[in-house]
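J.: Dock chain B against the given chain A, drawing on the hints supplied.
Top line first, the protein sequences correspond to chains A and B. Counting in the numbering used here, the first sequence runs from 1 upward without gaps. Counting in the numbering used here, the second sequence runs from 340 upward without gaps.
Because the hints were derived from the structure by calculation, they are not lab data. Just so you know, nobody snuck in bad clues.
Straight-line Cα separation of at most 20 Å, EDC-like style, residue types lysine to aspartate or glutamate; simulated pairs:
| no. | chain 1 | residue 1 | chain 2 | residue 2 |
| --- | --- | --- | --- | --- |
| 1 | A | Lys312 | B | Asp554 |
| 2 | A | Lys137 | A | Glu4 |
| 3 | A | Lys16 | A | Glu123 |
| 4 | A | Lys24 | B | Glu649 |
| 5 | B | Lys602 | A | Asp266 |
| 6 | B | Lys528 | A | Glu310 |
| 7 | B | Lys602 | A | Glu324 |
| 8 | B | Lys363 | A | Glu310 |
Not the full set, but computed from the structure, chain A residues with beta-carbon under 10 Å of chain B:
| no. | residue |
| --- | --- |
| 9 | Arg211 |
| 10 | Val216 |
| 11 | Thr255 |
| 12 | Leu258 |
| 13 | Ala259 |
| 14 | Val298 |
| 15 | Val313 |
| 16 | Thr321 |
These figures come from a predicted structure and were not determined experimentally. Yeah, the Cβ is synthetic: ideal placement off N, Cα and C, and Gly gets one too.
The residues making up each chain are set out below.
2 protein chains.
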Amino acid sequence: MNFESIIESLRYADNKLVMIDQTKLPAKLEYVSTDDYRVVVDSIKRLVIRGAPGIGIAGAYAVALVVIESLTLTSEKRQEFISHALREISSARPTAVNLSWAVERLRAVIESHPGEITLELAEKLKTEADSILREDKDMCRRIGEFGADLAPANPAILTHCNTGALATGGIGTALGVIYTLQVRGKSPKVYAGETRPLLQGSRLTVWELARAGVDVTLLVDGAAGALISSGMVNMVIVGADRIARNGDTANKIGTYPLAVVCKEHDISFYVAAPSTTFDDSIESGEEMPIEERSAEEVVQVMGASLAPPETKVFSPAFDITPGELITAFITDQGVHKRP
Amino acid sequence: MNFESIIESLRYADNKLVMIDQTKLPAKLEYVSTDDYRVVVDSIKRLVIRGAPGIGIAGAYAVALVVIESLTLTSEKRQEFISHALREISSARPTAVNLSWAVERLRAVIESHPGEITLELAEKLKTEADSILREDKDMCRRIGEFGADLAPANPAILTHCNTGALATGGIGTALGVIYTLQVRGKSPKVYAGETRPLLQGSRLTVWELARAGVDVTLLVDGAAGALISSGMVNMVIVGADRIARNGDTANKIGTYPLAVVCKEHDISFYVAAPSTTFDDSIESGEEMPIEERSAEEVVQVMGASLAPPETKVFSPAFDITPGELITAFITDQGVHKRP
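For reference, chain A alone in the conformation it holds in the complex (with noise of 0.2 Å):
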C-alpha cells in the first residue's frame, strides 16, 4: 500500500463541504454535500463526521459556511447570526477539545477584520480552514513516522474506536500509525473492539484497514481482557478526545479498561493524538465535561431491539484514562512520557 491509496473522510471545494455518511458505513459509501452549517452541526451530532480531529475540520469549514450566508442578511444582522451559529457549532459535540478550538481560531480571523464581514473574510475563512486540514494531515503523517518507530519488530496491536482517515483530514492517529508500520512493510497484526455502542471499530476500523490490506481481526470489547492476558498483542494504541495538565486522556468508552488490563500484564498503552488534543486549560480529567448519549443508542442496534422498551441505560460517550496509566503519548511533535 501507499499513504495516497488511503480515503478521505472529508473535502470541501465549490463552497461546499463534501463528507463520508459515516453512519451508513460499511454498506454503503455515501456522502453528505452541503453549503448549510446546521447540516454540518447536525452530521457532527449524528456522527455523519467524527472524530476529535475530523470534527475540528468540519467545524472550522462550517464557520466559513455561517460568514458567505450571513451575506445574504441585512449587515447589521450579520453579527448576531454570526455569534449564535458559532455557538451551535462549538457545542454540537462537547468532549473533544478541536472542536471548539478550530471555531476559535475561525473566530480570531473574523474579528482580526472588525465590521468587514464580506465574501473576501469567506475566502480567508475557507482559506484558515484548509489550514487547518493540511495541518492536520502533517500532524497525522509525523504520529505515524514518530508511532512506527517505537513499534516492536513483529507488531500486534489493538486499538479502540476509530482513530484512522474517518477520523482526522489524514491518515489518522492511532491508525496513522498502523499506516506508516504497514507501509514500511513491517505488516502489523491488528485487533479492532468492536467498540459499543455505535460499533466504530467493526464498521470503520475494519473497513478502512481491510481496505487498505492491513491484517486486521475483530473482537468485542470484553475480550480484550482475554487477548491481552494471553499474550497476542504487544501494544495497544488508542486516540484520544482531550488531554489535560497531567495527562488524563478522554477517550471513547471502553478505553479505560484497556489501559487497566494492559498495567496488570505490563503491556505498553499508548495514545496518538495531534498537539490539538492537548488542552492547557486544565489541570486533570476530573474537569472535562463527558457527554451522555441516548438509551436507543444502546438498547437498538441498525434498528433491532436488543431490551425491553423503557430499559434504563448509562451511557457516556467517553472515560477518562488517568496520566499515570499511559506508556507515553505519541504526538506528531514526538513522544512525551507526560504533556
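T.: Chain B only, in chain A's frame:
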C-alpha cells in the same frame, strides 16, 4: 416481589423437556418442547437453554430421553446407542463443568443397573434429573441468602451476562443474590453489562430483573470501567462456568476486565456459584478448555451486518479470572475466600 413469581427456564412433564427459547427473548416468550435428545443437544449448542447450571439440568433430562428412545431398538443395540448419545450430550458445550458432571451422575445410575435398559430405568433417570433440578433450586436459594448477608446497606451491584432464573433451575446465582436482596426489601440498584456478542445482559438479565420489579440499568461492556471508577457500584457479582482448585474462574467473556478494574478501585468482586461448578480435577485456569464461538455472532446482530463480510474474528466464549482477583466465592455451602 416473592420468589414464587420468578420465571422457570425449564420443566419436564409427560416425558418431554420444555425450555424457554432464550434466543427469542426479549421480543417473544416462546418454548421448545421435545422428547428428542438431539433437540436438547442442539438447544444447548444454540443457547436456547444456557447458563452452566441450566445446561447441566437439561443434559440430565436428555439422558432420560436417550434411554426411553433406546427402548425402541433391539436390546443388543441399546448400549451402543446410549454411549454414543451420552458423548454427544456431554460435548455439546465444553467449558461449563456442570454439563459433563450431570451426564456422569446419570451414567452412574445406568451403570448401577447393568443389563437392565427398561422403562423402569428411564423412570429412575427422570427421578435423578428431578433431584438435580431440585438440588439446583435449593443451591440457588442458599447462594442468594449467603450473598445477601454480605451485601452493604445500599447495594449497588454490577453484574455480567445472565446468571438468573434463565441460567439455572431456580432463582439464579449472582441474580439469586439480587432477588434475595429485593425480597428482603433492600432495593438493590443493579447495573447489567450487555454482554456482547450474544447480549445475555440486555436480552435476558434486564428482561428478567425488570419483570421482577428490580431497578436495573443497562450499559455496554466497555462502560464498566467508567461505572466502577466513578464510585457508582459498591460490589460486582458474576457467575462461573468452571472453577479450578486455585480459584481461577472461567466465566463469560468480559468478566476478567471487570475483576482487574475492581482491583484497581478496591471494589469487592464476588463469584456466585453452586458447588457443582468447582472442578477439583484441575489445578488452574490453564487447564480449562475455552470454547471459541463463530465469527457470525460478532459480525451480525439480529440479522444486521455490523462489519464487512469475511472479517476475521477473535471470539472466545469465556475468559479466566485468576483466583487472587476474587474477593470471595458465594456458594450454597457458605462464603469462601478460595475453593
